[in-house]
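**Q** Given the coordinates of chain S, work out where chains F, G, R, W and C should sit on it, guided by the hints.
There are 6 protein chains.
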Amino acid sequence: MAVANWKIDNIVHGLQQARHDWRESQHRPKEFGGRELPSKEALKAIVDDLCGILFPMRLGPADLRQEGEDVYIAFTLDKVLSALYEQVRLTLAYEARYRISATIRDSNHQPDAAMIQQQASSMVQTFANALPDIRRLLDSDVQAAYEGDPAARSVDEVLLCYPGMLAITYHRLAHVLYQNNVPLLARMIAELAHSATGIDIHPGAQIGKSFFIDHGTGVVIGETCIIGARVRIYQAVTLGAKRFEVDDAGNLQKDYARHPVVEDDVVIYAGATILGRVTIGKGSVIGGNVWLTHDIPPHSQIMQSMPKPKISV
Amino acid sequence: MAVANWKIDNIVHGLQQARHDWRESQHRPKEFGGRELPSKEALKAIVDDLCGILFPMRLGPADLRQEGEDVYIAFTLDKVLSALYEQVRLTLAYEARYRISATIRDSNHQPDAAMIQQQASSMVQTFANALPDIRRLLDSDVQAAYEGDPAARSVDEVLLCYPGMLAITYHRLAHVLYQNNVPLLARMIAELAHSATGIDIHPGAQIGKSFFIDHGTGVVIGETCIIGARVRIYQAVTLGAKRFEVDDAGNLQKDYARHPVVEDDVVIYAGATILGRVTIGKGSVIGGNVWLTHDIPPHSQIMQSMPKPKISV
Amino acid sequence: MAVANWKIDNIVHGLQQARHDWRESQHRPKEFGGRELPSKEALKAIVDDLCGILFPMRLGPADLRQEGEDVYIAFTLDKVLSALYEQVRLTLAYEARYRISATIRDSNHQPDAAMIQQQASSMVQTFANALPDIRRLLDSDVQAAYEGDPAARSVDEVLLCYPGMLAITYHRLAHVLYQNNVPLLARMIAELAHSATGIDIHPGAQIGKSFFIDHGTGVVIGETCIIGARVRIYQAVTLGAKRFEVDDAGNLQKDYARHPVVEDDVVIYAGATILGRVTIGKGSVIGGNVWLTHDIPPHSQIMQSMPKPKISV
Amino acid sequence: MAVANWKIDNIVHGLQQARHDWRESQHRPKEFGGRELPSKEALKAIVDDLCGILFPMRLGPADLRQEGEDVYIAFTLDKVLSALYEQVRLTLAYEARYRISATIRDSNHQPDAAMIQQQASSMVQTFANALPDIRRLLDSDVQAAYEGDPAARSVDEVLLCYPGMLAITYHRLAHVLYQNNVPLLARMIAELAHSATGIDIHPGAQIGKSFFIDHGTGVVIGETCIIGARVRIYQAVTLGAKRFEVDDAGNLQKDYARHPVVEDDVVIYAGATILGRVTIGKGSVIGGNVWLTHDIPPHSQIMQSMPKPKISV
Amino acid sequence: MAVANWKIDNIVHGLQQARHDWRESQHRPKEFGGRELPSKEALKAIVDDLCGILFPMRLGPADLRQEGEDVYIAFTLDKVLSALYEQVRLTLAYEARYRISATIRDSNHQPDAAMIQQQASSMVQTFANALPDIRRLLDSDVQAAYEGDPAARSVDEVLLCYPGMLAITYHRLAHVLYQNNVPLLARMIAELAHSATGIDIHPGAQIGKSFFIDHGTGVVIGETCIIGARVRIYQAVTLGAKRFEVDDAGNLQKDYARHPVVEDDVVIYAGATILGRVTIGKGSVIGGNVWLTHDIPPHSQIMQSMPKPKISV
Amino acid sequence: MAVANWKIDNIVHGLQQARHDWRESQHRPKEFGGRELPSKEALKAIVDDLCGILFPMRLGPADLRQEGEDVYIAFTLDKVLSALYEQVRLTLAYEARYRISATIRDSNHQPDAAMIQQQASSMVQTFANALPDIRRLLDSDVQAAYEGDPAARSVDEVLLCYPGMLAITYHRLAHVLYQNNVPLLARMIAELAHSATGIDIHPGAQIGKSFFIDHGTGVVIGETCIIGARVRIYQAVTLGAKRFEVDDAGNLQKDYARHPVVEDDVVIYAGATILGRVTIGKGSVIGGNVWLTHDIPPHSQIMQSMPKPKISV
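Protein chains in written order, with full-length UniProt numbering: chain S, 1 to 313; chain F, 1 to 313; chain G, 1 to 313; chain R, 1 to 313; chain W, 1 to 313; chain C, 1 to 313.
A hint or two may mislead.
Same chains, same names: a pair is fine if it fits in one copy or spans any two.
Calculated pairs, DSSO-like style, for lysine-lysine (alpha carbon to alpha carbon, straight line, at most 27 Å) [as the list claims (entries may be wrong)]: (1) K308 - K7; (2) K242 - K282; (3) K308 - K282; (4) K7 - K44; (5) K282 - K310; (6) K242 - K310; (7) K242 - K44; (8) K209 - K310; (9) K40 - K282; (10) K7 - K310; (11) K44 - K310.
I should point out that these hints are in silico values taken from the structure, not numbers from a laboratory. Computed from a prediction, not measured in an experiment: that's the story for all the values here.
Chain S with its partners taken away, still in its complex shape (with noise of 0.2 Å):
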């Protein structure tokens, strides 16, 4: 089969090019060895881990029998926390080496390689210690899911297939890493949430306990949102930002509280749009479609009050 020679020389050099002149405008040092960065898989296969720890008899190995529970629990511990320091530890040498956010130099400005190694192992630590109560906020949102949806039959059906519990487990988890100064990796775990239900946490957002969303597609929390204990959500609602705020040098402005507070036992129906640091009041009903930019009392029923369809016939 006569394949043609494809002129590859010509395209490498122009990608060649390309790459360089980018390089130059990011005033990127010359990098070498190998390329240090955070692997998605390698997150997907710690995430995997992390759920079948937490569950071991629904999430963990098909053959595992309750009494080997804790044994498997162990041995994917040692395994899991290994693999994720050294996702940390990636993380933290990229950003010492970009000096971005909060990095770790040695006194020659350089990165100091074990200054990372303890901070990420530090961190991995933490991070471990607070398993035992993602767990327990995790129970607690499966059974908000079976008590708040009439065609959940049991609780292990809510745990093995419904989307809003993928997106609470892996937001718990990424949660820790956020607040452990790991955003990056934060963020790549609410991505891997967000392709496989639709539901676009940040991972950021404070979420308090028995937490539902329902059916979930389109739904967006931002990064400062606050949540309190027993709401429920629906699928297409945004907690979003109501605008970015710049500087004087028309730069955006960032770290800022600009996403909504939502107090406990709020339930808000699908397609509402709560935009701006504005709080929805305890035991509030949001109804279907409704546009909200403003605070709302307690126990609030706030109905869009659509003008009637036209209809012809």
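**A** Okay, now just chains F, G, R, W and C, sitting in the frame of chain S:
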């Protein structure tokens, strides 16, 4: 590399305690042996094989030749039905163990393995017998997509890459399982389609022939929906429940008709929301973003009369 | 374990009959040899390799070192272009077989294998030549995302985990295939991105540099859209067709401009719906949930004037 | 590509007839359900895991750390013993079905599944209990190889790459299974070693500590051999049976002592052949290519007195 | 980690020069397109499938049930014969390219692709037709091993783990390919068996029914051997050529009968060496280590009269 | 299924105790971190890649085209040399840790990681530089096999399926590593060849060009052998040591010349045994089964004068 020891014993103990508390709260009997639960990965493989059986020259193995279709189908059917039988059996055994919905128990109120096997076998046979009719329904769906989308260049393009086609294929398989009293398996298959396409069709929904969903992201179709023939739906359409009814004790009521009836030849444009047991009459067209909670007579044209947006330059 | 025999012969026969009826209805010639169709899995592998070629130190193999970039690219290009050639050849052969769109046939009206190979070869060369420019466009998209999202901490974070970045990368590759007359392959690549991100960009859409989609779930961009430079779009935005035009015989008309033109520097917030061949003037801002079916002059600010929601406490 | 149709029906029919004739000739009962036979692949995986359990820091997973040895062993033991149990159960069930050797049958002369399970369980427990002693024996073998080969630079080199070490490791595991009445499994393990090393040790052979085989290709050690401590053997040595005895009916007799006894501290050089139930006395040295069919007193030096080869220049 | 740059250009250049010199020395035409050579891995997969086809309930897939045998065989045959066809075609095309042995070329002395395909197709059909007879021969071999080895406990043990059984199975398949003029494929299959068992049977050897090799390591059976029915052979037996004949120009002569003829019911014990075109008469027994280069009459008993070994204590 | 609990704690404890005793007996320092040992699997992959680099169009990837050879080699070299570097580094670090042979330690007698890396890097560079010469040597070996075996039909058949060719290829690679002071790696590669072919060549052996081993099972070539050009060897030939010398303390002496010197153009037939530092003069022919322990002048013909076997009919 000085990697910490992670104090694994503490974490294992903390997780053990959390599991213990959960199982107490659920009054779970102690489990012996393996976990005996259906598996998402096994179901994914089963559905992939079923797609190959239904459309051997399009979704079967790449090296299949047309003269080998029947042998391929016979061999794969034998394999896939045994695999499905095992998943059905696991599901029935699981339900008997936890006394979920209709359970099979012997005179000592214990799960009856022989009856479970017999019932699983009978359910799988019924499922298998439905496959030729499913193929015919799916052929009508392919044709509907081809005729309904100006961008479609061939019926094969529809089969190979339309997400709506994937969603309805999975649904028609899942719906037969739902009708045969393995709703957990049906739901797991529906969620595989949901994750891949963003289209969330509850396996209980009854859907007529020549059904077409375009784009599809964010579509939600509820458990008790009844959809006629030649219906077309666009992205972000919700056919949902208006509210959940509770009994006198405050518990959610289940198993009553709470989702729309959509009659033949209806078109529903993107973002429309139709809630409750309302009927959309034959041949009606529901415009984009329409919000509907009441019956619509046949051949209606419904348009959301949106207020003019405010423009400032 | 007494597993039933499944009466496979009946089912095989039923499926055979269904296939026969379908092929009759489609006037399909009997196929000999293999199925000769492009493969989703093959395309996925091709696009993965292309991502590595475009961004070797970010999306290439984990153990790549910067001094080996060019050799890696040359080797992978050679491999991936041959693989792509095979997919293009399969597509052209398929189209010739079924007389779809522009087909290649010899003087006896039979598919002409040599011409198909030659044309496939030429199409792949054109595609390959476009790669350096695609890289430059994607660099502008990365920069746009970094500057447009207060949560983005580095350009690498954008490349590694933003779904909008994945969608535009796949689109820019697919668009070149669309322009080179293999729309089926282009569409299959677009659907890979759609499934992973919930963002549905038709490969025909023309999109300028520095394009940024945030969150992205539910975005739909139609086939004849023209989008300028530095445009920013949020989740659930639709740039769609108003209605489908039919000819006198009632057949859908194809290939006419039916989607919006969005000029440079436009921002479109979440949930906005813009339908038909309308023009959104340069520098305009379209607010959330706006519903638009007419032209907008440059530098407009459009806000949906929603009726106040009703509140009851 | 015009590939023939292969007239498969004829071949299928021919094979069917051949199988039928064979089964008739063997008086085989018709089988229902699956084939219920132990699997070579499963045994290979089991032996690999057992090697890791015996030498975790040398043959266990590459990323194991010494502080995690016990947890790794506990987890892997739990997994591997269950896998071995299944292979033992399949073997016993197979033997009961075909009435091979000691079979387990109920009062109706049918295989008794419960008894088979109980016996399998007990056999595996006995096997598991033997593992620490096997490790101690293998340590003595490693030390013997290190001391016996001038080319060996470390004990770890012996463990990692000496074929004789692999053969004796597999043998010591297989021998325990042989003693516990699952000779078929034992034989399958022995053949795995035979294929990898060219060393053929029947699992029935009794071999003392500090055993060393150098090079090893072509070594054959028969079923009833008894080998003392600190024995050293080179390639192509045969410890075989002189002839097979038949009973009056002309059938081969089984289960009588027909292979050599090799006492402590014997060395047997390459190519020596020792046949029959003879005893090689303690501390003897058997030269290369020696042919022996009678007893040898302790501390003998045996040299083959070869006729001078003829030389012509 | 400071890894060197390896000066790859120099090495690539050095290798290029070495390849160039070799190709010059071989008068090789420049190759275009792919390498077009049969593949060891592909053949391994083909032989594995053929083993399953021949013994479906013993060497087929673990989950096969007896009632599905024929469907499994038909499906697998269709797949494996097409795969074999491709290997045969590659071999014929390779031989035509390099003018090896009988080559297929058109009137311009170029390889003729159509003729090659036709011939490959015909060869595969002949091979396929031979499968039922091969099964019957192998059944006789299984029975011979069971009856000839006092350690064999069942016919299935022979099939599952005797290396001699694997070797004769591969040989009987390879021999049919050898007879059908694809000796390269035949040789590759023979070497797969050689590597797994240490038994080296040239695919040209003609071997009668009820053949049994015990232990087997080091057995060599030459290309022109003729072996009768019910022959038994032990390890390290050589049936070889005495010397290679050269023509007047000093080139090795090929294709003449140069290996032994072994008549029915002969037994040859371990280490015996029989060289040249000699005949071992029916029913003879050749003792261990015997060295034979002349004919032996029927029913002889041959024993090597070894000089007594010297013993010193 | 009632599977026992296996009393795993006891077994884990027993194994722990056995490991403890062994480590005590070996005066092993406690290990921290991972096991840091070279890996058989990694070496297998490295050697496979090196074979592809040496013979790209014969042993490289199936889809390689000749015009892409150099790019393939450059890319694969870059990858494989880094992988080899890691194995060399692990080996040196391991040897430094246990003070085996020449170890690299800093002024505190601790392993010096930087020096180890530097030395590993230098060793790999030397190895890489040797590849073109290895290719030329292997070309001479291919030619020798083709000319020396009447059954060989093409040089490619030799490369694709002769076990002797595999053995000499692995040996020539291993020998360079042996010369560069990583004998453990060299030995592991030699054992990979030994396991696949039954040919056991110590990596220390020096072997001239145009070397050919036919059949090969059971060949043993010792560490200090020196073999000239154009030597041909058949199966079961041993070139071994006569006896092992011990020093006054009774320890085995190492590193002295103890194996044969085989001069140019010698042929050694099957089963010959040559022991000790003897010289086989140029052009000699050693007959089958000859036993030799003294020098042989050039151009000798050595034939074993076997006593006639006894024949009884």
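**Q** Give a verdict on every hint.
**A** Okay, the hints, checked on the actual structure:
1. Proximity of K308 to K7 under the C-alpha cut-off of 27 Å is found in neither arrangement, the shortest distances being 63 Å within a copy and 56 Å between copies.
2. Within a single copy, K242 and K282 get their C-alpha atoms as close as 22 Å, and across copies as close as 22 Å, so both meet the 27 Å cut-off.
3. Taking CA atoms no more than 27 Å apart as the test, K308 paired with K282 passes between copies only; the shortest distance there is 21 Å, against 30 Å inside one copy.
4. Proximity of K7 to K44 under the C-alpha cut-off of 27 Å is restricted to the inter-copy arrangement: shortest distance 24 Å between copies versus 38 Å within a copy.
5. Taking the shortest Cα distances, K282 and K310 sit within 27 Å of each other only across copies (18 Å), while inside one copy they are farther apart (36 Å).
6. In this assembly of identical chains, the alpha carbons of K242 and K310 lie at most 27 Å apart only when taken from different copies (17 Å versus 31 Å within one copy).
7. In this homomeric assembly, K242 and K44 never come within 27 Å of each other (Cα to Cα): the closest approach is 33 Å inside a single copy and 37 Å across copies.
8. Taking CA atoms no more than 27 Å apart as the test, K209 paired with K310 passes in neither setting, with 43 Å inside one copy and 29 Å between copies.
9. With identical chains, the CA atoms of K40 and K282 are never at most 27 Å apart, being 38 Å at best within one copy and 37 Å at best between copies.
10. Neither within a single protomer nor between protomers do K7 and K310 lie at most 27 Å apart by alpha-carbon distance, with minima of 61 Å and 55 Å respectively.
11. Taking the shortest alpha-carbon separations for K44 and K310, neither the intra-copy value of 49 Å nor the inter-copy value of 44 Å comes in at or below 27 Å.
Checked against the numbered hints given earlier, this structure breaks hints 1, 7, 8, 9, 10, 11; the rest are met.
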